[in-house]
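Chemist: Keeping their order, the protein sequence lines are chains A and B. Mind the numbering: the first sequence is residues 1 to 238 in the numbering used here, read in order. Mind the numbering: the second sequence is residues 1 to 87 in the numbering used here, read in order.
It is worth saying that the hints were derived from the structure and are not from the lab. Note that beta-carbon positions come from the ideal geometry of N, C-alpha and C, so glycine has one too. Hints are supplied without guarantee of correctness; some may be wrong.
Claimed, not checked - On the chain A side, residues computed to face chain B include the following (Cβ under 8 Å):
hint : residue
1    : Tyr4
2    : Phe12
3    : Ala17
4    : Arg20
5    : Ile22
6    : Ala141
7    : Phe143
8    : Met165
9    : Gln175
10   : Met179
11   : Tyr181
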Amino acid sequence: MPAYNFIELGTFPFTIAAGRVIALQQDGKDKLKKAYNTLMANKTAPQDQLAETPAVPEVPQAVENLDIVEQPTIDTPTTSAPADFQPAPESLNPNTPIEDMIAPFDMNAQAQPAVEPAAAPVVDTPPAVNEPAPVNVLSDAEFIKEFENLVNRTGIRQQTIKEQMRRRLEDLLMQAKNMDYIEDKVNEMADVVKATNEVVKASNNLNQSIQNQPVNPTPTTPIQPAVQNPTLNLQQAA
Amino acid sequence: MPDKINATNEKGETVEVEIIAAFEIPDFSRKYVIYSYNEVDPNGLAKLHVSQLIEEAGKYTLANVETDDEWTRIKSVMRAIITGGNA
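Whole structure, please, built from the sequences with the hints as guidance.
Modeler: Right, dumping it as structure tokens:
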């Protein structure tokens, strides 16, 4: 059974419901289309079973440097990939698995969180039961490229995590500012309480000092004899 | 095969899309279409869309690629087309 067959599209009306997205370098798109059109024009025979590691693939000169790059994109037409993300282009080598880093693009689905690119399996999915398990041994160069892809994916996740942390920090800062305001008010109230206590203390001291003041006794004076008749005394004296 | 077609998106709007490739994978008994809105992402890469082609009642519907197995196989087919069609 051939691995795939080309088909002709009729003139029926098209309705787009959903699809997955893959990114290619601009010339990659053109080369893919050109290669497809060439094969269709030549009416290439149905292909044999596709193998992950063909023996000696014939690479046309025009497409030997084709790069297919998959990168995580947000499932909106205007993707928001990090500005400093530089995808590592990998040469098109049948031995190199193309990692799917793009979440399925389903326009019928609800808007998905912008910070959660779909996790991509590092290893190819297992083949169907009736197919022989492909032997995919990576060379050093391929391993390095895979590692670079993994690093790039990690970088994107780091950016995502950084953004989340930045937002959390902003929230915490806002809470801290509110706490500072509350703390200032509490300190003001504490000052008022302290002043009040001092006034009460001073008042208590004053009362105590008043209570401790000894009561002075009324001084006694000798009783002076009353002067009875001063005029008689003068006559007697004369 | 038409180079460009007018399609109706989920919003009911008519949009022009460029057909890149169309093929059938007998193992899944499904047909697929690779097309483009001529979009470029912020990194300067061309964005291609891949959908399952469903022909029904005299119209085509481009639906989602359901399984990861299909998606893996579709990428293999793309690779095979680019390398000259030899598997």
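Chemist: Are the hints correct? Go through all of them and say.
Modeler: Right, here's what the structure says about each hint:
no., hint, result
1, Tyr4, "holds, 5 Å"
2, Phe12, "holds, 5 Å"
3, Ala17, "holds, 5 Å"
4, Arg20, "holds, 5 Å"
5, Ile22, "holds, 5 Å"
6, Ala141, "violated, 18 Å"
7, Phe143, "violated, 19 Å"
8, Met165, "violated, 23 Å"
9, Gln175, "violated, 34 Å"
10, Met179, "violated, 39 Å"
11, Tyr181, "violated, 41 Å"
In terms of the numbered hints stated before, the structure departs from hints 6, 7, 8, 9, 10, 11, listed from lowest to highest.
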